[in-house]
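Going down the list, the protein sequences come from chains D and Y. Here the first sequence stands for residues 1 to 535, where the numbers follow the numbering used here. Here the second sequence stands for residues 1001 to 1178, where the numbers follow the numbering used here.
Hint data in this document are derived by calculation from the structure and do not stem from the laboratory. We put the CB at the ideal spot given by N, CA and C, even for glycine. Do not rely on the hints blindly, as some may be mistaken.
[As the list claims (entries may be wrong)] Heads up, simulated EDC-like pairs for lysine to aspartate or glutamate below, C-alpha to C-alpha not over 16 angstroms straight-line:
1. Lys62(D) to Glu91(D)
2. Lys1098(Y) to Asp1154(Y)
3. Lys1063(Y) to Glu91(D)
4. Lys1118(Y) to Glu91(D)
5. Lys1085(Y) to Asp412(D)
[Claimed, not checked] Not the full set, but computed from the structure, chain D residues with beta-carbon under 7 angstroms of chain Y:
6. Asn96
7. Glu98
8. Leu130
9. Gly381
[What the hints assert, rightly or not] Label-pair ranges, simulated between beta-carbon atoms:
10. Gln82(D) to Pro1031(Y): 50 to 58 angstroms
11. Asp132(D) to Met1131(Y): 36 to 44 angstroms
12. Gln316(D) to Glu1035(Y): 20 to 28 angstroms
13. Asp132(D) to Gly1170(Y): 44 to 52 angstroms
14. Gln186(D) to Glu1035(Y): 52 to 60 angstroms
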Amino acid sequence: MSVVGIDLGTTNSAVATVRNGQVVVVPAAHGGYLHPSVVAFSSDGLKYFSREGVARRISDPKNTVYSAKRLIGLPFRSKEVQKAITRLPYELREGNNEQAVFVGPDRTYTIPEVSGLLLGYLRQCAELFLGDTVSSAVITVPANFSDAQRRATIAAGRIAGLDVLRVLNEPTAAALAYGLGQNMSQRIAVYDFGGGTFDITILQVEGDIFEVLATGGDSFLGGDDMDTTLLNMLAELFHARHGLDPRDDHAAQARLLIAAEQVKCHLSSFSEARGELKNIAVGSQGEELALRFQVSRDVFESAIRPLVGRTIETTQAVLASVGLAASQIDEVIMVGGTTRVPMVRTEVERYFGRPPRLDLNPDEVVAWGAAIQAENLAHAGENLDSHAVLLDVTPRALGIAVTGGFAERILDRNVPVPVEQTRIFTTSADNQTTVRIQVCQGESRRFDENVPLGELELGGIPPARRGEASIEVTFRVDTNGILRVRARDAATGAAREAAVNVRGGMSEGEVAQAAERNQPEERLEDTPLLSELEK
Amino acid sequence: MQLPDRIARFVAETYGRLDELSYYDLLGIPPSAAEPQIRSAFYRVSGDLHPDRYHTLADRELKERLETIYARICEGYRVLTVPEKRAAYRQALAVGKKRLTSTEREANAPPSPVDTLKHEEAKKFFRLGMMSLASQDYKGAVMNFNFARTFEPDAAIIKQKLGEAQAALGKPGGQGTK
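With the rest of the complex left out, here is chain D (with noise of 0.2 angstroms):
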């Protein structure tokens, strides 16, 4: 049985294992490494993955998801799901306990589903490139995922039918597989700037100790966000020359995205990119529009300027929030795809003083860390002498709901996980038998500023006097960055229920279920396109 380190990014997704002590990444079908983040759903219940997937992009956009990391442990109602809806071709609506679900040709799927769908292909990938099966897996998530986001995405495994050995920050991961085995003592910058998200993190490598001093981020900054860019140039381009907006319609927008993403890639090796697209859409008349253009690097370079500013702002920002200058940073590693864009190296460069290291491929580096970080969990206890140890942080502050809409700081966020703070709460009625807390994450002082993450009920309290009871609540965070808790009675020392109800999260049965309907059947042994994975 082998165990896998999995990048499942926004756009693509990475897998890699070691094997005989080195690192193997795992081939994608149509060659490379990188496999698309794409589901596509048929009304028959087959699913299409891969270049099929992406080609459903085109052909059948209601049918077909991408970005479901931007999704993934939001509630529906959350601003950032609205405002993906927008953008989003396929249809998402709200279900159970406020989630966020996919409207597919067959039945809704929640984005866990979608995403342990994709897991599950991807599971499949490495089982046959390994010619064994795959139980366990380490899955990378963005630092700054909240807690919601880490459960879900635990979720997603557990659909795919995995043991989820841990969800490991992916600039963690990134700086393991740098630094392991070196020996080094330095003080690293990771500047991960993937296809949804941008993270900064700063880490302490000593010897085999990695030390994350702090970490920050903007979960909804990322290559995409250029791609969109680029589409609006060539939308407008189009509009101009046929009168006709191809944003209106989901195809036209299609593929005007893909072309757009093509155009990125190609002005990241050349000063211009021209071409022209044929049968964009249908004219007034039934004939096809094309769209002949050109685009410079400068003029590419000016458009995402403000992208790139925000995140050296956010870079600045966390190197000051453990007074850090940029000039004492030894190494910057560069992660994700979206960091090949010449003007983000540029950028980097300009900022800390230095080149960023270039020779860690950004697209699997990832992979790399998380695959190793997994052979650590998995084999703990047997090698007990040469082992990384990750010391790893909070993502975000926890806080609790008090008196006039504010929240009381419980956990600070960038503190050394795993990391526990114990409160004593009482009753404020007479023959009160349970008290319910409100739990959020982030730095606001008032309540409603930060995200809520759930409810805690502590029930069975003795029926006694307002203010007489006493019950000793204790808030983890464990190392997965996901928060526990437990909660006993002060006087007797009996532990009491305490369960928290995760707003916009899947139910244990739900996940139970889902996992349950992914076995077998839906799993792809007769896809075509896995019989070219060359072993």
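Once you've looked at the hints, dock chain Y against the given chain D.
Leaving out everything else, chain Y in the frame of chain D:
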């Protein structure tokens, strides 16, 4: 896997008296230690005790104890490396407190809606309804809230929750799961 003897002994000796040990004791450093010394002590202890190293440990209780001890060490590292927190800890130690933590009572913890009900049976079914709601069993929730209502027909909170459960049941995919 099994814990190495040295670690097992440390856990056995430390867990029961965690609250009697100062952060300095746990990190094995003198109270005068400067930051680099604190940091290297934390790295050394992490190399020994980080929960990742014992991921495959089958004994859940032992694992939980180890993680509790390690969480306390992380807390100590954090407190001792932030100057304001370290100053506050010095004062706490002076009055015999080994841990820098706020343990004031939250006198204002809001009651659960169940406490607004008067009838015992209504409370019982309301609570069952809330549990069904939490596990997304909307059919069960509707049933229990209806039972609760027979005992206290005028309680607004029951009507409200019944309405929520009915709405969830009516939603696509909102069928009872159990």
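Evaluation of the provided hints:
{"no.": "1", "hint": "Lys62(D) to Glu91(D)", "result": "holds, 7 angstroms"}
{"no.": "2", "hint": "Lys1098(Y) to Asp1154(Y)", "result": "violated, 52 angstroms"}
{"no.": "3", "hint": "Lys1063(Y) to Glu91(D)", "result": "violated, 44 angstroms"}
{"no.": "4", "hint": "Lys1118(Y) to Glu91(D)", "result": "violated, 45 angstroms"}
{"no.": "5", "hint": "Lys1085(Y) to Asp412(D)", "result": "holds, 13 angstroms"}
{"no.": "6", "hint": "Asn96", "result": "holds, 5 angstroms"}
{"no.": "7", "hint": "Glu98", "result": "violated, 10 angstroms"}
{"no.": "8", "hint": "Leu130", "result": "violated, 21 angstroms"}
{"no.": "9", "hint": "Gly381", "result": "holds, 3 angstroms"}
{"no.": "10", "hint": "Gln82(D) to Pro1031(Y): 50 to 58 angstroms", "result": "holds, 53 angstroms"}
{"no.": "11", "hint": "Asp132(D) to Met1131(Y): 36 to 44 angstroms", "result": "holds, 43 angstroms"}
{"no.": "12", "hint": "Gln316(D) to Glu1035(Y): 20 to 28 angstroms", "result": "holds, 24 angstroms"}
{"no.": "13", "hint": "Asp132(D) to Gly1170(Y): 44 to 52 angstroms", "result": "holds, 47 angstroms"}
{"no.": "14", "hint": "Gln186(D) to Glu1035(Y): 52 to 60 angstroms", "result": "violated, 18 angstroms"}
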